[in-house]
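2 protein chains.
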Amino acid sequence: MKVGILGSGMVGETIGSKLVALGHAVKLGSRSATNEKASAWVSQAGALASQGTFAEAAAFGELLFNCTPGSVALEVLEAAGHVHLNGKVMIDVSNPLLFAKGAPPTLFVTNDDSLGERLQRAFPELLLVKTLNTVNCSVMVDPGRVPGEHTMFLCGNDAGAKARVRQVLSDFGWRDVIDLGDISNARATEALLPLWVRLWGVLQTGDFNLKVVR
Amino acid sequence: MKVGILGSGMVGETIGSKLVALGHAVKLGSRSATNEKASAWVSQAGALASQGTFAEAAAFGELLFNCTPGSVALEVLEAAGHVHLNGKVMIDVSNPLLFAKGAPPTLFVTNDDSLGERLQRAFPELLLVKTLNTVNCSVMVDPGRVPGEHTMFLCGNDAGAKARVRQVLSDFGWRDVIDLGDISNARATEALLPLWVRLWGVLQTGDFNLKVVR
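Protein chains in written order, with the working numbering: chain A, 368 to 581; chain B, 368 to 581.
It is possible that some hints are incorrect.
Unchecked claim - With a straight-line cut-off of 30 angstroms between C-alpha atoms, the simulated BS3-like cross-links for lysine-lysine are: (1) A/K578 x B/K455; (2) A/K468 x A/K385; (3) A/K468 x B/K468; (4) A/K404 x A/K369; (5) B/K578 x A/K578; (6) B/K455 x B/K404; (7) A/K468 x A/K404; (8) A/K385 x B/K578.
As the list claims (entries may be wrong) - Anything over 10 angstroms on all C-beta distances counts as not near chain A; from chain B, calculated: (9) L389; (10) S438; (11) D509; (12) F539; (13) R542.
What the hints assert, rightly or not - Okay, the calculated bits of chain A under chain B, using three or more residues with CB under 8 angstroms as the criterion: (14) 473 to 485; (15) 504 to 515; (16) 550 to 562; (17) 574 to 581.
These are computed hints drawn from the structure, not numbers from a lab. Glycine is no exception: its CB is placed at the ideal position from the N, C-alpha and C atoms.
Could you build all of it, start to finish, from the sequences and the hints given here?
Right, here's the structure in full:
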């Protein structure tokens, strides 16, 4: 499968490397087609890896990942372009973290709205599925880093898109996946971040996750 | 021990019954000293159970519980009176749930403030410890209703108060308790409620909880 990843930071590269390891062709999208971090990643990630602009990565992918910082997500999707996004499944792992007011970060949208909903409203023909945003990127692609069973949430408006994303999550190693419903449920999973950042502080590692025990 | 409980709804009565079963004397506080629901509870809860006004319950208790709906918590603590609250440990199980805008509820304070902080600011000499607010009341007092190990969070400004509350949690059956730090961490645990109400909808039971797997 051809996958386009928007964002060439640590999250995008970690997911890109996993997808390449699973045999997928991955184009990492950045503001510039010659982004140096993305070039460095491509040079060590093998023949299935390539880089390009946000628009080129979006055009390339049959499946897309939004791995941008939440603060620029909308702008990056605009740069990718409606024509390259419409009708495609996008896994949105971004969070509306606001670092400007000091640590721990707060959220720039929460409670009666969410970043997932904002992106979906701005790109109504994009098949957005919010998931993986509640764990560290190393855990996203390797849930076995955290011992035992733990839970991944997903939400989105399109049942077919969610079924495809469930398969991707399964390929990444996720077993306990809870579908919360439509994209408005991103309010709930994005609201886990205030706890996540504090647990990171207490536990001094990102190798943890929540399990819904029932 | 003498325990004063503010709030004679289901949460207050459930906690009251557990405390009586553990051998504690419990006064359930209501707006009226003759609240009928509280009277009914007292008549079936045994000799250790009594009722009174918010002020009488607060005066009675060496340990206090805030089991009011979050929307009236500040008003109820005012009715209880600074003189009866100052210097005492209060376990705050309330949540800032706003039901007026429809289901699922949103929060009337969140992100850069919390109900726990509001109460602590209004009663600076109260030793407030926020805990138990992330589970159904039946699970609060009987974590074994949910199979296996799962996690309870607590936070508050006073180390001695938190040590006392840890003992109460242990008496209730809690084993995995994570101290997140000062009362500002109530922002994180209150922000779990949007997920909690949605999981209740998906799982169709309140007998669930989160475990921090690490």
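Checked hints:
1. A/K578 x B/K455: Between A/K578 and B/K455 the Cα gap is close to 34 angstroms, so the pair fails against 30 angstroms, i.e. violated.
2. A/K468 x A/K385: 34 angstroms, violated
3. A/K468 x B/K468: 29 angstroms, holds
4. A/K404 x A/K369: It holds: about 21 angstroms lies between the C-alpha atoms, which stays within 30 angstroms.
5. B/K578 x A/K578: 5 angstroms, holds
6. B/K455 x B/K404: 26 angstroms, holds
7. A/K468 x A/K404: Roughly 28 angstroms separates the two Cα atoms, so the pair holds.
8. A/K385 x B/K578: Given pair A/K385, B/K578 holds - Cα atoms ~27 angstroms apart, limit 30 angstroms.
9. L389: 24 angstroms, holds
10. S438: 15 angstroms, holds
11. D509: Answer for B/D509: holds, closest chain A Cβ roughly 14 angstroms.
12. F539: Holds: least Cβ distance 17 angstroms, greater than 10 angstroms.
13. R542: Given that every Cβ of chain A is farther than 10 angstroms from that of B/R542, nearest at about 13 angstroms, it holds.
14. 473 to 485: Since three or more residues must qualify, the claim that chain B covers the stretch 473 to 485 of chain A holds, with 5 doing so at under 8 angstroms.
15. 504 to 515: The restraint on the stretch 504 to 515 of chain A holds, since 3 of its residues have a Cβ under 8 angstroms from chain B and three suffice.
16. 550 to 562: holds (count 8)
17. 574 to 581: Three-residue rule met by the stretch 574 to 581 of chain A, so holds; n is 8.
Checked against the numbered hints above, the structure violates hints 1, 2; every other hint is satisfied.
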